[in-house]
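Peer 1: We have chain H; now place chain X onto it with these hints.
Residue numbers (UniProt numbering), protein chains in the order written: chain H, 1 to 216; chain X, 1 to 219.
Since the hints were made in silico from the structure, they are not lab data. Don't be surprised by glycine CBs; every beta carbon is placed ideally from N, CA and C. There could be a bad hint or two in this list.
Within a straight-line C-alpha distance of at most 20 Å, the following computed PhoX-like cross-link-like pairs (lysine-lysine) qualify [said to hold, decoys possible]:
1) H:K41 <-> X:K142
2) X:K128 <-> H:K153
3) X:K142 <-> X:K152
4) X:K142 <-> X:K79
5) H:K41 <-> X:K152
6) H:K142 <-> X:K86
7) X:K43 <-> H:K139
8) X:K6 <-> X:K142
9) H:K142 <-> H:K153
10) X:K83 <-> H:K139
11) H:K207 <-> H:K142
12) H:K41 <-> X:K145
13) X:K6 <-> X:K217
14) H:K142 <-> X:K49
15) X:K6 <-> X:K128
16) X:K142 <-> X:K193
17) X:K210 <-> X:K83
18) H:K207 <-> H:K24
19) X:K44 <-> H:K142
20) H:K24 <-> H:K77
21) X:K193 <-> X:K145
22) X:K39 <-> X:K128
23) X:K210 <-> X:K142
24) X:K6 <-> X:K44
25) X:K152 <-> X:K193
Here chain X is said to cover these stretches of chain H; the calculated rule only asks that three of the stretch's residues, wherever they fall, bring their Cβ under 8 Å from a Cβ of chain X [to be verified]:
26) 71 to 84
27) 91 to 100
28) 104 to 110
29) 128 to 140
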Amino acid sequence: MAVKVYGTMRSACTQRVMACLLEKGVDFDVVHVDLGVGEQKRPEFLVRQPFGQVPAIEDDGFQLYESRAIVRYYATKYEDQGPNLLGNTLEERAVVDQWLEVEAHNFNDLVYTLVLQLVVLPMMGKPGDLALAHTCEQKLEKVLDVYEQRLSKSRYLAGDTYTLADLSHLPGIRYLMNEAQMEHLVRERNNVNSWWEDISSRPAWKKLLTLAAARF
Amino acid sequence: MATPVKVYGPAMSTAVSRVLACLLEKNVDFQLVPVNLSKGEQKKPDFRKIQPFSQVPAFEDEGICLFESRAICRYICEKYTDKGNKGLYGTNPVARASIDQWLEAEGQSFNPPSSVLVFQLAFAPRMKIKQDQVVIKQNEEKLSKVLGIYEKRLGETRFLAGDEFSLADLSHLPNTQYLVTTSGRGELFTSRKNVGRWWNEISSRDSWKKVVDMQNKGA
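Isolated chain H (complex conformation) (with noise of 0.2 Å):
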């Protein structure tokens, strides 16, 4: 029986889920909950999901939300399916861990702002706020350098194989470089550039890319 994923295609913490698995070859099916009527906020949702937000699964009458629990959950039940996306030693794991909460942290808000600010409010006919935008974009900067010299010492961010910590990024990022317009914080750092022509270029992605088209 296929995972049910209760979210939206465009919606970058779905995506997260999706991305992870196609990652694991574990078929799911992507039940759409539409943003745009406040579908998210209704009695019948709110019991699925009680902070009113997308994605949350579904397996055989097991309930989860939040998309990184998401992924840990799947990465871990199918550790033997696929990549391993976790790490093979508990410290290995633990900085898979480490990184996943850096984007958490330290890279998720800043992008949610600018992407926010920059993106979503003008497609909604409200001002955006340039100057918090640009804030952020100056804190990210400064994150993004961080990353930068951690590329030069390992290929991926919690060592030398791929991994949750990688895929994390994907949705933000791929917002940050199109619709936001800021490629330039990726292409002006040769190793973050290099991670991410990698990471973007994996099959699981690029298929993702191709479902998410077919509904944009």
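Peer 2: Below, chain X alone, put in the same frame as chain H:
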């Protein structure tokens, strides 16, 4: 023999105290290494070698250096599975998934508004920084919505992830401690029946009392 486990940072830092609470729950001996934030020690090259984002805590154990408090907590639980509170990070994948879900909810929904309020209400006055009332009001509203969701959840289960105290509850201790005791906005928690009950329970744990003690002693 000195313990190899080291935590870098002051106990009064919310993220540092999250790690201390976990170490104490797991009965793991550790050494707390001071980092003088007011003198900008965290921005110096030596510190940036162990935490390149200039944040606290940083952490060391035999064969590993780590940062990010929630990653450190998960590592401690995995490394010292048989010590102290054995169920802190769940004893099976489904229990663990629920704990991760609420740890993420803490990190993504609870932490942002509560951190702002902790800074504005507890730290800004002592640092002689002017408080921003607009920011305070916005974040009180956000936190209120989140606590409304917690109130419902904690009417269904004793703790956030289920009926046992877990990392998910522990992760809330640092910010809530400041908000309930120092900020003058404690009623956000105490006026809600289930949240109030939950707060009393988790903050009375011996491990948390020891952390508060360390904070009061200026560790």
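Peer 1: A separate judgement is required for each hint: does it hold in the structure or not?
Peer 2: Hint check:
1. H:K41 <-> X:K142: holds, 15 Å
2. X:K128 <-> H:K153: violated, 41 Å
3. X:K142 <-> X:K152: Between K142 of chain X and K152 of chain X the Cα gap is close to 16 Å, so the pair holds against 20 Å.
4. X:K142 <-> X:K79: Roughly 36 Å between the alpha carbons, so the hint for K142 of chain X and K79 of chain X is violated.
5. H:K41 <-> X:K152: Holds - the C-alpha atoms of K152 of chain X and K41 of chain H are around 16 Å apart, at most 20 Å.
6. H:K142 <-> X:K86: With a Cα-Cα distance of about 39 Å, the restraint between K142 of chain H and K86 of chain X is violated, given a limit of 20 Å.
7. X:K43 <-> H:K139: The given pair, whose Cα atoms are some 15 Å apart, holds under the 20 Å limit.
8. X:K6 <-> X:K142: Since the Cα atoms of K6 of chain X and K142 of chain X sit roughly 35 Å apart, the hinted pair is violated (cutoff 20 Å).
9. H:K142 <-> H:K153: holds, 18 Å
10. X:K83 <-> H:K139: violated, 40 Å
11. H:K207 <-> H:K142: violated, 32 Å
12. H:K41 <-> X:K145: holds, 13 Å
13. X:K6 <-> X:K217: holds, 19 Å
14. H:K142 <-> X:K49: holds, 16 Å
15. X:K6 <-> X:K128: Violated - the C-alpha atoms of K128 of chain X and K6 of chain X are around 32 Å apart, more than 20 Å.
16. X:K142 <-> X:K193: Within the cut-off at roughly 19 Å; holds.
17. X:K210 <-> X:K83: Holds, because 18 Å separates the two Cα atoms, which is no more than 20 Å.
18. H:K207 <-> H:K24: Holds, because 13 Å separates the two Cα atoms, which is no more than 20 Å.
19. X:K44 <-> H:K142: Holds: K44 of chain X and K142 of chain H sit about 15 Å apart, inside 20 Å.
20. H:K24 <-> H:K77: OK: K24 of chain H and K77 of chain H at ~10 Å, within 20 Å.
21. X:K193 <-> X:K145: holds, 15 Å
22. X:K39 <-> X:K128: OK: K39 of chain X and K128 of chain X at ~16 Å, within 20 Å.
23. X:K210 <-> X:K142: violated, 30 Å
24. X:K6 <-> X:K44: holds, 19 Å
25. X:K152 <-> X:K193: holds, 10 Å
26. 71 to 84: holds (count 4)
27. 91 to 100: Our answer is that it holds, as 7 residues pass the Cβ test (under 8 Å) against chain X, meeting three.
28. 104 to 110: That given contact holds, which follows from 4 residues of the stretch 104 to 110 of chain H lying within Cβ reach (below 8 Å) of chain X.
29. 128 to 140: n = 0 at 8 Å, threshold three: violated.
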